[in-house]
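Asks: Now for the letters of each chain:
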Amino acid sequence: MTDPREVLGVSPNAGEEEIRAAYLRKVKEYPPDQAPEEFEKVRNAFETLRDPRKRTLAMLHASDPGAPLTSMLDGRAPRRLFAGPQPWREVLKAK
Amino acid sequence: MQPKLTTGGQALCTPDNPTTGAAEETSIRQLLAHGKSKTALDRAKDLHKALGSAASEALLIDAYAGRIQALLDQNLALEAKSLIELVRGRYPSAKARLDGLSATSAARAGALDELLAPLADPGLGPESRAAIEQAVQNTVADLAAIAACRALPADHSLRLAAGALDRAFAAAASGPVTDDEIALPEVSHRSPLGSWKLLVRAIALFYRGEADSCQECLRAIKPESVPARLIPAMHSMLGLKLSAPLTPAEAALVSRTTESSASLRSELEKLDHAFADDEDEGRIFKLVRLAMQECRRLLPDQVETLKRLIYVRGSMNAVEGERLTAALQGMPRQDASFFRALAHGMETTSDTEDLAMACEYWDEFRQRAVREGWFGAKGMEVATLYIHMAGLLRRIPEDELRDLQRESRSNRKLGLDDFFFLFPEKLYERACVLDPHPEIFSQWLSWAVQESAHKGEDVAKAWHKIRPMDIEPLLYLLQAAEKRHAFPSALTYLDKAERIDAVHSVVRASRLRLLTGSALRHLEQKKPHLAAEKLKTMAALPQSRQGDRPAFMAALGYVIAVEQGDVRVMDDRRAETCRLLDSDKAAGMLVCGISAAAKRRPVEAPLVENFSLAERSALPAQIARLVAIAKDVGIKKFYFPVPYLEEAIRQFPRASGSLDIGQLRTLAETALAMGNDKFAYAVSAEGLSRGGDAEARFLVLRARSMPERQADRHVICAAAAAELARSHRDMETIGEAVDLVRGVVDSDPFTLTLDQAREVVRKEIAASDYPGGNSRGPDYSALLPGKLCNCPECRRARGEMPSPFDDDDFDEKDFDDEDFSDEKMERMFNERVPEGMPPELAQMLFEVLKEGYRNGLSPDEILEGLEDMGGFGGSSRGKGKKGKRT
Chain L
76 MTDPREVLGV SPNAGEEEIR AAYLRKVKEY PPDQAPEEFE KVRNAFETLR
126 DPRKRTLAML HASDPGAPLT SMLDGRAPRR LFAGPQPWRE VLKAK
Chain A
26 MQPKLTTGGQ ALCTPDNPTT GAAEETSIRQ LLAHGKSKTA LDRAKDLHKA
76 LGSAASEALL IDAYAGRIQA LLDQNLALEA KSLIELVRGR YPSAKARLDG
126 LSATSAARAG ALDELLAPLA DPGLGPESRA AIEQAVQNTV ADLAAIAACR
176 ALPADHSLRL AAGALDRAFA AAASGPVTDD EIALPEVSHR SPLGSWKLLV
226 RAIALFYRGE ADSCQECLRA IKPESVPARL IPAMHSMLGL KLSAPLTPAE
276 AALVSRTTES SASLRSELEK LDHAFADDED EGRIFKLVRL AMQECRRLLP
326 DQVETLKRLI YVRGSMNAVE GERLTAALQG MPRQDASFFR ALAHGMETTS
376 DTEDLAMACE YWDEFRQRAV REGWFGAKGM EVATLYIHMA GLLRRIPEDE
426 LRDLQRESRS NRKLGLDDFF FLFPEKLYER ACVLDPHPEI FSQWLSWAVQ
476 ESAHKGEDVA KAWHKIRPMD IEPLLYLLQA AEKRHAFPSA LTYLDKAERI
526 DAVHSVVRAS RLRLLTGSAL RHLEQKKPHL AAEKLKTMAA LPQSRQGDRP
576 AFMAALGYVI AVEQGDVRVM DDRRAETCRL LDSDKAAGML VCGISAAAKR
626 RPVEAPLVEN FSLAERSALP AQIARLVAIA KDVGIKKFYF PVPYLEEAIR
676 QFPRASGSLD IGQLRTLAET ALAMGNDKFA YAVSAEGLSR GGDAEARFLV
726 LRARSMPERQ ADRHVICAAA AAELARSHRD METIGEAVDL VRGVVDSDPF
776 TLTLDQAREV VRKEIAASDY PGGNSRGPDY SALLPGKLCN CPECRRARGE
826 MPSPFDDDDF DEKDFDDEDF SDEKMERMFN ERVPEGMPPE LAQMLFEVLK
876 EGYRNGLSPD EILEGLEDMG GFGGSSRGKG KKGKRT
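Heads up: the protein sequence lines correspond to chains L and A, in order. For the first sequence, my numbering gives the first residue as 76, with consecutive numbering after it. For the second sequence, my numbering gives the first residue as 26, with consecutive numbering after it.
Source of the hints: derived by calculation from the structure; they are not laboratory data. Ideal Cβ positions, reconstructed from N, Cα and C, are used throughout, including at glycine. Treat the hints with caution; some may be incorrect.
Partner residues are not named here, just some residues of chain L that face chain A (Cβ under 7 Å, in silico) [stated by the list, open to error]:
1) Pro-127
2) Thr-131
3) His-136
4) Ser-138
5) Leu-148
6) Arg-154
7) Arg-155
8) Pro-162
9) Ala-169
Below, a list of computed lysine-lysine pairs in the BS3-like style, where the Cα atoms sit at most 25 Å apart [stated by the list, open to error]:
10) Lys-168(L) to Lys-266(A)
11) Lys-129(L) to Lys-451(A)
12) Lys-703(A) to Lys-656(A)
13) Lys-490(A) to Lys-403(A)
14) Lys-129(L) to Lys-116(L)
15) Lys-247(A) to Lys-168(L)
16) Lys-508(A) to Lys-486(A)
17) Lys-129(L) to Lys-403(A)
Based on the sequences and whatever the hints tell you, model everything.
Replies: Shown next as structure tokens:
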């Protein structure tokens with residue numbers, strides 16, 4: 076189940092106004108005549124979030140317990156280390 | 026493509042050959058474009074020597090510029106500088122062109138004083154300034170050197186900007202920086218060092234983890250500028266795809282500024298496989314320890330998340346909790362997120378025991394979520410959660426849930442309320458208190474109805490009490506009251522429902538039906554005066570004047586008059602019934618059926634033997650018409666004298682042509698209800714021969730009329746009916762046909778194509794005779810799936826006699842055998858009679874069951890009759906009512 080908040084790009088604590096604004100933004104981005112599949116996802120997400128009961132159910136099932144453990148690393152940038160200016164300068168001088 | 030004409034627009038041509046010069050220029054420019062600057066310069070010199078024109082000089086200067094650039098690119102700055110001086114001396118017109126190259130040369134040679142000195146001259150021309158600034162932007166990588174350049178005054182803006190940038194750059198690459206530290210107001214965006222400012226910001230944003238903003242800054246850096254040299258390395262750090270491999274210096278930078286989580290990924294992959302393959306627990310715990318170790322080393326901020334993920338996965342795989350906790354070096358933090366993940370995980374396993382655990386965890390989640398401020402303690406969210414939990418409990422097999430509930434009751438340490446999450450009723454009740462929404466009540470009612478009619482009524486009453494304007498609970502209560510013949514209550518509920526929505530289809534259809542039921546009930550209770558009152562009310566309804574209803578009203582009036590002994594009214598009503606039905610015989614059958622429905626003494630019906638030939642041949646149509654009248658007013662079982670039915674069956678072949686599709690359907694259904702499969706089969710044959718949209722319906726009737734030994738044909742007919750009905754979108758027939766097929770065959774779903782269905786219709790029309798003894802009927806072996814399911818449920822579903830060893834429970838279908846002798850029935854009854862039942866009572870019960878069976882009553886109807894007798898199997902409610910009366 077895709078998290079409807081992720082589809083609309085709203086925060087977990089988003090209120091009705093914010094949800095509605097995000098929906099209208101997404102509809103402009105994915106008009107039904109140009110991107111029907113995306114529009115369908117956006118509309119379903121909005122329908123879920125505007126209904127408080129469905130919204131609660133979506134919140135209960137926001138995560139997928141069967142997802143691989145490796146998914147916690149997906150989209151995650153590696154850890155960042157401060158190395159000082161020298162290695163940066165080496166690249167700048169190398170050309 | 027190189028132009029043929031050079032600067033000044035003059036053509037390069039000789040008097041002897043006007044095209045030679047132009048062709049040579051093209052050739053020289055092509056050489057320059059291909060980086061062959063040395064050859065190009067030699068040939069440009071030759072051409073200029075030959076022509077000596079302004080155009081040839083311009084071409085020569087272009088060739089010199091190309092050559093100087095090539096030397097600079099090869100880091101031969103001194104050679105480039107010598108050549109610049111040479112050209113500057115020979116061709117003063119090339120000064121502006123050479124200034125840019127001269128600046129680049131100085132920058133490449135590290136001669137910053139030489140490069141920047143002209144900037145101190147207020148009279149420096151804009152072209153020369155631009156050339157120097159471009160060289161600074163695209164060539165100078167040493168900010169500290171610019172900041173320290175003595176050729177410029179100490180307060181020169183370029184020196185100040187370079188100094189500020191150098192400090193900010195070092196700070197951003199060495200540790201977290203504030204926005205103020207990288208604001209750099211000294212550096213304007215028009216400065217040749219403007220891209221450095223963007224680079225410093227990009228570095229700071231990279232370390233802050235703001236990847237999108239970092240990328241925006243990188244995109245704004247001028248691609249030809251020195252800072253752009255860091256873009257590929259930074260893209261790599263951000264995990265973006267690269268178009269070319271990194272240089273050694275870039276790779277060194279990436280490895281020193283980022284730490285890959287590849288080793289953690291590898292450990293997690295192994296653990297994922299171990300869980301998926303249900304590997305030995307020892308190995309799982311070992312892999313858990315390794316994964317946690319890597320996570321602590323590489324992503325210390327993710328340790329808690331990983332702990333939770335592993336714990337949930339371990340719980341789903343039922344690994345030993347204590348050892349798992351030890352491998353994780355402690356339980357995950359027990360907050361709302363943890364219990365939400367755990368509960369969600371447990372409800373997704375295929376083990377029904379886990380569903381009860383999921384409910385327990387959901388309740389833990391609720392408590393923590395309220396404490397952590399996710400939602401209020403008495404909000405709609407909690408109600409939705411309770412409904413979800415109740416839904417999970419409904420997935421647990423009834424006996425398992427009862428065991429769990431029993432265990433919870435035996436736990437003396439905790440109160441029963443502590444285990445409310447194991448009781449759907451408590452969950453629904455709590456949910457409705459928190460969120461009295463029709464949707465929630467509807468789910469509660471749906472559950473309660475499955476439990477018992479009694480619970481259903483209680484829930485509907487609770488719903489009605491809290492939401493008196495909802496029509497759904499009233500309709501349920503109305504139908505429930507009607508089912509147990511409590512017509513006054515049903516009519517009261519109908520009154521209320523009419524006040525809410527008088528045009529509701531169920532409401533509109535109910536009043537006449539309830540009044541009929543009430544009148545019959547009064548007659549049954551020997552209260553004809555009350556029945557007469559109901560008839561009067563019915564007569565006032567506009568709908569009682571539609572169709573054949575006036576005939577029914579007249580016939581009912583006759584039966585009431587018989588009970589009241591009012592001969593004048595009797596004659597009047599009887600004559601009216603005859604007139605309306607246009608048949609004395611039909612009127613006789615109608616009053617006979619109504620009288621039987623009211624369980625009154627049989628009204629005398631004329632003997633069939635005295636019927637004329639025309640009256641006999643009209644019997645099938647009349648029976649169909651009377652059944653339709655009875656159905657219309659809600660009389661489910663309409664009694665016909667057996668000789669009439671027998672005569673109707675005899676007359677059917679002759680009369681069938683005059684019957685319409687509706688009459689045929691009614692007749693077939695009546696025959697099935699009477700248990701006369703042979704007659705139903707004959708009627709279905711006539712219906713099938715008519716063709717059209719009704720074929721599907723008659724195939725269903727054919728399937729239902731099939732003897733049990735022809736189970737395969739039963740399935741084929743039903744599957745064909747489903748397919749034909751699908752093509753006509755006849756949802757009712759589809760539902761009935763699919764129900765007949767479901768569970769009968771192993772392959773699920775068993776379907777036929779439309780062509781196959783039509784072939785079945787053809788074969789069934791041809792098979793006009795009821796399958797007797799060894800008759801096999803049409804050959805459908807090519808259409809049948811591998812084998813029929815042999816479980817008791819499926820065998821019962823297709824009407825076969827289950828083995829007595831299939832199960833020991835009393836089953837109504839055990840009495841469906843046509844050849845069921847009294848001895849066999851009594852033997853079976855004695856095997857199943859409850860222990861301790863007094864023999865007299867057992868004998869009485871057997872007689873009632875036997876009689877009911879012989880009269881074609883279903884076990885439910887027999888039991889209902891027993892309840893009415895008040896002596897056996899009555900509900901506690903019935904007993905209470907009786908007790909109250911006495």
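Asks: Would you mind marking each hint as holding or not holding in the structure?
Replies: Evaluated hints:
For Pro-127(L), the suggested interface contact is upheld, since its CB lies about 6 Å from the closest CB of chain A, less than 7 Å. Below 7 Å, beta-carbon pairs count as interface contacts, and Thr-131(L) has one with chain A at about 4 Å; its hint therefore holds. Against a cut-off of 7 Å between C-beta atoms, the interface hint on His-136(L) holds, since the closest Cβ of chain A lies about 6 Å away. A distance limit of 7 Å between C-beta atoms decides the matter here; for Ser-138(L) the minimum to chain A is near 6 Å, and the interface restraint holds.
Interface restraint check for Leu-148(L): the shortest CB-CB distance to chain A comes to about 5 Å, inside 7 Å, so the restraint holds. About 4 Å separates the beta-carbon of Arg-154(L) from the nearest beta-carbon of chain A, less than 7 Å, and the hint is met. The beta carbon of Arg-155(L) comes within 5 Å of a beta carbon in chain A, closer than 7 Å, and the hint placing it at the interface holds. Satisfaction of the interface hint for Pro-162(L) is found here, the shortest Cβ-Cβ separation to chain A being roughly 4 Å, below the 7 Å cut-off.
The restraint placing Ala-169(L) at the interface with chain A holds, with a minimum CB-CB distance near 4 Å, inside the 7 Å limit. Taking the CA atoms of Lys-168(L) and Lys-266(A), the gap is near 24 Å; set against the 25 Å cutoff, the hint holds. Distance check on the hinted pair: Lys-129(L) and Lys-451(A) sit about 22 Å apart at the alpha-carbon level, within 25 Å; holds. At roughly 23 Å between alpha-carbon atoms, Lys-703(A) and Lys-656(A) fall within 25 Å of each other, so this suggested pair holds.
Among the hinted pairs, Lys-490(A) with Lys-403(A) is consistent with the structure: their alpha-carbon atoms are about 21 Å apart, no more than 25 Å. Our distance criterion of 25 Å between C-alpha atoms is met by Lys-129(L) and Lys-116(L), whose separation comes to about 15 Å. At roughly 17 Å between alpha-carbon atoms, Lys-247(A) and Lys-168(L) fall within 25 Å of each other, so this suggested pair holds. Taken as a hint, the Lys-508(A) and Lys-486(A) pair is honoured in the structure, with Cα atoms around 16 Å apart against an allowance of 25 Å.
At most 25 Å may separate the alpha-carbon atoms for a hinted pair to count; Lys-129(L) and Lys-403(A) meet this at roughly 17 Å.
The structure shown violates none of the earlier numbered hints.
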